[in-house]
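Join the two chains into one complex using the hints; note that each chain is given alone, in its own frame.
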Amino acid sequence: MDKVKYRTLTPEIAAELKRIVGDAYVIYGDKERLEVFSHDEIPGTEYRGMPEAVVRPDSAAQISAIMKLANLEKIPVTPRGAGSGLSGGAVPVSGGIVLCLDRMNRILDIDVENMMVEVEPGVVTNEINEALRKHKLFYAGYPMSLETCFIGGNVAENAGGGKAVKYGVTSRYVLGLEVVTPTGEIVELGGKLVKDVTGYNMVQLMVGSEGTLGIFTRIVLKLIPLPEFQVDLLCMFRNTEEAVGAVPRLMTVSGIIPASIEYMNRIAVKGACEYLNESIPYEDCGAMLLVSLDGTDQERLADEYEAVGLLCREHGAYEVYVADNPSISERLWRIRRNIGEAFNVFSKRQSGEDMVVPPASLPAMVAGLERIAERYGISVPCFGHAGDGNVHARLVCPPEWSDDKWNSELPMILDECYRDVAALGGRISGEHGIGCKRKKYMDKVVSPEYISMLRAVKKAFDPNWIMNPGKIFDL
Amino acid sequence: MNYKQIASADIDFLVSVCGTDRVYTGKAINEDFSHDELGGVSRMPDVMVEVTSTEEVSAIMKYAYDNNIPVTPRGQGTGLVGASVAMHGGIMLNMCRMNHFLELDEDNLTLTLEPGVLLMEISKFVEERDLFYPPDPGEKSATIGGNINTNAGGMRAVKYGVTRDYVRGLEVVMPDGTVMELGGKVVKNSSGYSLKDMIVGSEGTLAIITKAILKLLPLPQKTISLLIPFPELEMAIETVPKIIKSKAIPTAIEFMERDVILAAEEFLGKKFPDNTSDAYLLLTFDGNSKEEIEKAYEKVAHICLDSGALDVFISNTQERHAAIWSARGAFLEAIKASTTEMDECDVVVPRKHVGEFVKFTRQLQDRFNIRIMSFGHAGDGNLHIYVLRDQLDEQTWKQKLHDVFEVMYSHALELGGKVSGEHGIGFAKKPYLNDSMGEYGINLLRNIKLAFDPKNILNPGKVC
Numbered sequence: 001m002d003k004v005k006y007r008t009l010t011p012e013i014a015a016e017l018k019r020i021v022g023d024a025y026v027i028y029g030d031k032e033r034l035e036v037f038s039h040d041e042i043p044g045t046e047y048r049g050m051p052e053a054v055v056r057p058d059s060a061a062q063i064s065a066i067m068k069l070a071n072l073e074k075i076p077v078t079p080r081g082a083g084s085g086l087s088g089g090a091v092p093v094s095g096g097i098v099l100c101l102d103r104m105n106r107i108l109d110i111d112v113e114n115m116m117v118e119v120e121p122g123v124v125t126n127e128i129n130e131a132l133r134k135h136k137l138f139y140a141g142y143p144m145s146l147e148t149c150f151i152g153g154n155v156a157e158n159a160g161g162g163k164a165v166k167y168g169v170t171s172r173y174v175l176g177l178e179v180v181t182p183t184g185e186i187v188e189l190g191g192k193l194v195k196d197v198t199g200y201n202m203v204q205l206m207v208g209s210e211g212t213l214g215i216f217t218r219i220v221l222k223l224i225p226l227p228e229f230q231v232d233l234l235c236m237f238r239n240t241e242e243a244v245g246a247v248p249r250l251m252t253v254s255g256i257i258p259a260s261i262e263y264m265n266r267i268a269v270k271g272a273c274e275y276l277n278e279s280i281p282y283e284d285c286g287a288m289l290l291v292s293l294d295g296t297d298q299e300r301l302a303d304e305y306e307a308v309g310l311l312c313r314e315h316g317a318y319e320v321y322v323a324d325n326p327s328i329s330e331r332l333w334r335i336r337r338n339i340g341e342a343f344n345v346f347s348k349r350q351s352g353e354d355m356v357v358p359p360a361s362l363p364a365m366v367a368g369l370e371r372i373a374e375r376y377g378i379s380v381p382c383f384g385h386a387g388d389g390n391v392h393a394r395l396v397c398p399p400e401w402s403d404d405k406w407n408s409e410l411p412m413i414l415d416e417c418y419r420d421v422a423a424l425g426g427r428i429s430g431e432h433g434i435g436c437k438r439k440k441y442m443d444k445v446v447s448p449e450y451i452s453m454l455r456a457v458k459k460a461f462d463p464n465w466i467m468n469p470g471k472i473f474d475l
Numbered sequence: 001m002n003y004k005q006i007a008s009a010d011i012d013f014l015v016s017v018c019g020t021d022r023v024y025t026g027k028a029i030n031e032d033f034s035h036d037e038l039g040g041v042s043r044m045p046d047v048m049v050e051v052t053s054t055e056e057v058s059a060i061m062k063y064a065y066d067n068n069i070p071v072t073p074r075g076q077g078t079g080l081v082g083a084s085v086a087m088h089g090g091i092m093l094n095m096c097r098m099n100h101f102l103e104l105d106e107d108n109l110t111l112t113l114e115p116g117v118l119l120m121e122i123s124k125f126v127e128e129r130d131l132f133y134p135p136d137p138g139e140k141s142a143t144i145g146g147n148i149n150t151n152a153g154g155m156r157a158v159k160y161g162v163t164r165d166y167v168r169g170l171e172v173v174m175p176d177g178t179v180m181e182l183g184g185k186v187v188k189n190s191s192g193y194s195l196k197d198m199i200v201g202s203e204g205t206l207a208i209i210t211k212a213i214l215k216l217l218p219l220p221q222k223t224i225s226l227l228i229p230f231p232e233l234e235m236a237i238e239t240v241p242k243i244i245k246s247k248a249i250p251t252a253i254e255f256m257e258r259d260v261i262l263a264a265e266e267f268l269g270k271k272f273p274d275n276t277s278d279a280y281l282l283l284t285f286d287g288n289s290k291e292e293i294e295k296a297y298e299k300v301a302h303i304c305l306d307s308g309a310l311d312v313f314i315s316n317t318q319e320r321h322a323a324i325w326s327a328r329g330a331f332l333e334a335i336k337a338s339t340t341e342m343d344e345c346d347v348v349v350p351r352k353h354v355g356e357f358v359k360f361t362r363q364l365q366d367r368f369n370i371r372i373m374s375f376g377h378a379g380d381g382n383l384h385i386y387v388l389r390d391q392l393d394e395q396t397w398k399q400k401l402h403d404v405f406e407v408m409y410s411h412a413l414e415l416g417g418k419v420s421g422e423h424g425i426g427f428a429k430k431p432y433l434n435d436s437m438g439e440y441g442i443n444l445l446r447n448i449k450l451a452f453d454p455k456n457i458l459n460p461g462k463v464c
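Keeping their order, the protein sequence lines are chains P and D. Each residue of the first sequence is one higher than the one before, counting from 1 in our numbering. Each residue of the second sequence is one higher than the one before, counting from 1 in our numbering.
Treat the hints as calculated values from the structure; they're not laboratory data. As the structure is a prediction and not an experimental result, all values here were calculated from the model. Ideal Cβ positions, reconstructed from N, Cα and C, are used throughout, including at glycine. Errors might be hidden in some of the hints.
[Claimed, not checked] If you anchor each label on the Cβ, the simulated ranges turn out as follows:
| # | chain 1 | residue 1 | chain 2 | residue 2 | range |
| --- | --- | --- | --- | --- | --- |
| 1 | P | 106 | D | 303 | 55 to 65 Å |
| 2 | P | 46 | D | 356 | 49 to 59 Å |
| 3 | P | 319 | D | 308 | 52 to 62 Å |
| 4 | P | 131 | D | 292 | 28 to 38 Å |
| 5 | P | 447 | D | 27 | 37 to 47 Å |
| 6 | P | 249 | D | 141 | 15 to 25 Å |
| 7 | D | 141 | P | 447 | 33 to 43 Å |
| 8 | D | 292 | P | 400 | 53 to 63 Å |
[As the list claims (entries may be wrong)] Derived lysine to any residue pairs resembling SDA-like cross-links, with alpha carbons at most 25 Å apart:
| # | chain 1 | residue 1 | chain 2 | residue 2 |
| --- | --- | --- | --- | --- |
| 9 | D | 242 | P | 227 |
| 10 | D | 290 | P | 295 |
| 11 | P | 166 | D | 292 |
| 12 | D | 222 | P | 295 |
[What the hints assert, rightly or not] One side only, chain D facing chain P, incomplete, derived with CB under 8 Å:
| # | residue |
| --- | --- |
| 13 | 180 |
| 14 | 200 |
| 15 | 288 |
| 16 | 370 |
| 17 | 371 |
| 18 | 418 |
| 19 | 420 |
| 20 | 440 |
Only chain D is shown next, with the shape it has when bound in the complex (with noise of 0.2 Å):
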């Protein structure tokens, strides 16, 4: 791709726009944003601006359009497959400081605000006035714009859904500068295409979005988790198709390892309630009353007894409830301060196959003596599967890492799965999708990025 090189008449362009103080160059810009989360692939941006209003998000697009210059939006950076790196340098947009409540409004249950609040500041401002934003990805200083454009899913989605189902409207800046309103209050629209959905879980390669009308619930007003201790994996997880049948319909259903919870009790210096077996099944409740929630996890305590788990803890105290909740919080960052690198697979697969897919990635382990590690959505199956470098040299890092994906990723297409559940495709998982979706379905994604952008320019090099 031809792009033009940023010069210094670009860089005065943008700091007429934004002043001095909000556009950074060169050594000014910090290493923190060539790459995300996961590493694996880095890049400067050549310049890199902190914008503040859709009218600076419009003028800088209207700009790099007509002279041809690649622009990558980014948020708080936790994404985990570089769709926020500016793979061919250009102009990187900081989107941080986009960070207002504009508006709640109590009689629709909506909340406006701009992209760069923070999840946890969401859940603050809203559950402190009694209402509720259900979706609840683990990683919770990451930008709401973030969880737009991946489409976050979440501990909750077993229950509420993921990110998409509480996007009302957006407001968003198309590559050449436009500003459109998507969607809005209303709840119900059949007014021309969805494109608000389209742009939900884009990655920022459609347009930008500066502003959000989320639909909120009520707050539950009671919530308990059952902590549930299995001898094996494969039978922990064949209780979920069996709690999912009797109705009884969780907020979260996760699975976790013992070698995973050993982790997270070393990494966090605490001890979580029981690491004695070696698997175990997280389940959350929530409602209104404590008799209802009571009469729906004593149906699937027995359910899972009656299935072979040893025990059931239920916690019901606020604390007890935050320790094993915050625990499995820290999987992501326990099992990467275990190993030296690692690189995740975020297959989902029909929920029926969730043990089957499980078992098999661990033989991978054996058949590749490599290690793998995983934890995930057993509910919504949604598996997140790490592979961990260790004491591997490069080469074979690379090689092993490779092998192990493409039977990963073949045996999920083989059970009707797909490469991505919830952390996107970016730049990472590219060749996967390419797999699954085949050639004219791969055309198709790109006809519909040069409809948005007919010169490639936002976000170029991720998703197609």
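Only chain P is shown next, with the shape it has when bound in the complex (with noise of 0.2 Å):
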């Protein structure tokens, strides 16, 4: 497949951006401060690119230009939010312009009535929570890395987080957006409607498109009432079977629906635990259950845990233990948050995957994932949203093999992986995204013809290809 030609970032065309959003918001020709801007959130070197100039603009009009300019020259756009992707998403592989939204941090309008928040892509998907607490309203969007992500990436990679077992992805919250596409138009897709069926619904294509269509500028979010109980039950299994076994019967022996069903097994839960330090019993334990209940009623919640816990009781929870108070809960969700950046610090070299199959077909996926893992000898931390089937596998380089060892046993662990995901009827991403990472897997579990036709969506709205270039698939 031919590449296409973009052309250099040349002295002129960055005044011409300093032009459109003033001298201090563009970044150009200083190599130390465009490097931070190179990579995301993957450990390593690999998925790294050096942008020829980061732009940060302000508003609606000034991205407008910005695109105009870069579909005119040619010149590669990559949109970035708060940079804590995990697929590369927000690298510019091609080199070009990275488009920084850091400065649209404005929340808009919070709609009481209509029950609706309109805000600004480089808003900090947690703010948007504390801005509504005093009305007792809540986003349920609850990505695992809420302190720092902005909701505009959330929106590019429809981002699942803990929460989705009950109420669903990103995408479910998205109802309006402000896009600017890569011609440099400015269009309104969806509005402040629970339903409409006007066109195309281009909203849920943008959702998940990984700034590959357009840039996000205002962003029309679903609110629900913030249900103000929570109780967490940390459940201890002997082993993976059980714990992951227990969980299609969680929801439909008991019909209650917990917000999240997280799953840790012996390596992820012991790693996190020594790297903060955490006096939790965990030595005779397999695996981990997390499992968060809530709601606007405290009794029934109390009902609704107690039958929660004694199902997984008998389902092989040799211990269960009950947080019912914020700090208490706030200790256990550490360690299911902080498992990532424990592997990080233990290796860089590792694999963060993403795989998701349908719920019930969890267990065979995890017994998959530890037979390939004990065959080739590595180590593989596996964390993640059981209740969705969706699981965070890392794949840990063993610190005696070589570099070039890791980097030909990868792609053919890798390999066998995915197979077993796409016999399962899953995908390779569940939340992360595709980015530059997947890219090259794709073909695992889609068809060429799928591929095809992204490509040919692609161009309906991109006919230069400048934005966000190389990620997803290919030309």
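Written as structure tokens, this is what we have:
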């Protein structure tokens, strides 16, 4: 397939960018400052790319002007939020402009009557809920990197997070978008409407498009009443089969849908507890489930958590800790949230996975992963959203392996993992996206016709192929 | 557009795929296939084929693509915007024989089925097994394929959302005959654009759905309805945002006027529980225990009474519940029977503007001297407004209808609303889509259409 020829970003173009957004908001020619924008949170150096310029616009009009210029000059543009992604989606693999949305960080309108909030893409996701608390309203997206990630990035990746079991993923809450297209047009898609079949559904097409179809400049999110009470159960199991096997039963037998059902295997728990100096007795534990229940009725919640706790015990949990106040809850969730970081510190040579299978096939997927890990002699901490069938496995390189060995074995390991996932009706990414990291593996789970169709849709938006090129698929 | 005219060789091909019994031409095609439920537009297809499998659909699409023949897919023809009318003639694919349940997966809570299964068959099938498919459009004899193609909404959208929220996966045949699987039993997916969501609501213009995987829920064990009379419509509708804000989430919030109720009584030959007030809200609550539901509806009943409701009738028996909802289900037919011809507007506006918009449409009755009736989903901002022809002559009717629609759609747009909440654009609403999306927006839709269907042979003349 022939490559697109992009032009070099000349000093004249840099000057034009400065004219659009102001001198202070363009980084150009300063290698050290540009380097910060060359990667996301993927450990290691494989998925990196240096931008030629970083631009920090403050309005849709400025972004429109930048896109028109870039489209005319054939310069690639890569949108970027907080850079907390895990698939290389915000990495400028073809150079060009990184368009950083950190200045567009205003909460524009809390519309209590319609139960919606209107925000700019650079708002930190967690701040939305802080602003909503006094209205007793709630945005149900709950990505694990909540303290850092931007809502724009969440929408671009269709982030899932810890509460998707009960509340669904980001796409369910995005009702309207203002988008600047690759050719610089500003379009309004959807609106403050809870149902809308006017034309094709472009809002849902945009959600999860990884910044390849347009740049979001305004986002309308649906809100729900704040669930005021939460109880967390930490359930300890002797082994993975019992823990994961209990998950589908939890919901189908009890009829109760927990807000979260998070799974952590032994290696993951051990890693996080050592990293955090956490003293919970995990020594005999083969795997844990962290189950959260929430609601607005405290009595009903008490009934529910007793029922769920009992069910866990019936399905093999030998110990169930109950956290019914925020500080103990936070202690449990901290373990879960820090697993990723713990293993980043342990080794830079690893691959963070985001495979998703139908929920009932989760036990088969985890068993398959552990078999593959054993055969290759690597360790695989597994953790994640068991209730959704979405598990983050870290394939961690043994310290004694050479880089060459790791680099040659990893593709084979991934090949086998993804083949299993495909056979179970799954996909290679549940919430982190394909980006540049998983692009080469797309054909393991989807047909070439599907990929051609994605390309055709992209072309409909971006005739010159300048918007975040090199992500999801190649031209 | 230059399409190939159907010739005898084309009929021979279709017969070679489906046999003589399932290929209809000329007078053998029932007149019903020339229009949908609202009339207005009509055109006979040149040939109508009853397909029974994905392979047949794929073979026919490949042939049509190679020979540049337009194809219009059709379910039960219960649509309201002419989306399933063969505006360019050619081949009509009747999907109704592909009506099999394929798999109930009780571990993943999914149901896999063919597109021709009827909505009422789905609810019977799943409810017998204590499961629940929440979308509940008024027309129960519609096919699920049609519902997915219009992203049908229905009464329970306030609490449970619309059809899209329950479509996990699709098998589709592309305009060139390629068969593709989109989505699946996975509950989340960030692996490429969501083409599945693009197909949902695309009104048969992007691909033909041959299989669907639906998400199910456990069946709520108890349901009750409240019928709440108000002295006037505005007062009833102004109460809705207060109910929503109270955080008790009803399954449905419908509003209705006395005129519509009287029409329904006459049409069904059955009495509605009450017809003495000018306006009503109809609310439903569901849940797993009596206590849980009582708690929710008591709060709401008080809100209504404080806002001026005259009474609150609770229907907690299956019979009364059914009586109220069967009347609600007959509104469209009843209004239709009360006049000679009608057209409808299915706008959606932000929920807080529903009252204002309904008031506005009532004023149009006097301004244009024409009968206008409305009912709809107050809880989600989606209104069904009917303009009635009664005894007007053809020319006056066309002119008045045009003028009224112009004013209505542009006012909806001013309030941040859109042309269609759940019935779609099809053929009939295209002029208003242009107004609401602008030139660039329409071009974008057309580019997407061409990405799926480069020869524009699949259901041409619809949406954009």
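Here's how the hints hold up against the structure:
no., hint, verdict
1, P:106 with D:303: 55 to 65 Å, "violated, 34 Å"
2, P:46 with D:356: 49 to 59 Å, "holds, 57 Å"
3, P:319 with D:308: 52 to 62 Å, "holds, 56 Å"
4, P:131 with D:292: 28 to 38 Å, "holds, 31 Å"
5, P:447 with D:27: 37 to 47 Å, "holds, 42 Å"
6, P:249 with D:141: 15 to 25 Å, "violated, 37 Å"
7, D:141 with P:447: 33 to 43 Å, "holds, 35 Å"
8, D:292 with P:400: 53 to 63 Å, "holds, 58 Å"
9, D:242 with P:227, "holds, 19 Å"
10, D:290 with P:295, "holds, 18 Å"
11, P:166 with D:292, "holds, 19 Å"
12, D:222 with P:295, "holds, 19 Å"
13, 180, "holds, 6 Å"
14, 200, "holds, 7 Å"
15, 288, "holds, 7 Å"
16, 370, "violated, 25 Å"
17, 371, "violated, 26 Å"
18, 418, "holds, 4 Å"
19, 420, "holds, 5 Å"
20, 440, "holds, 5 Å"
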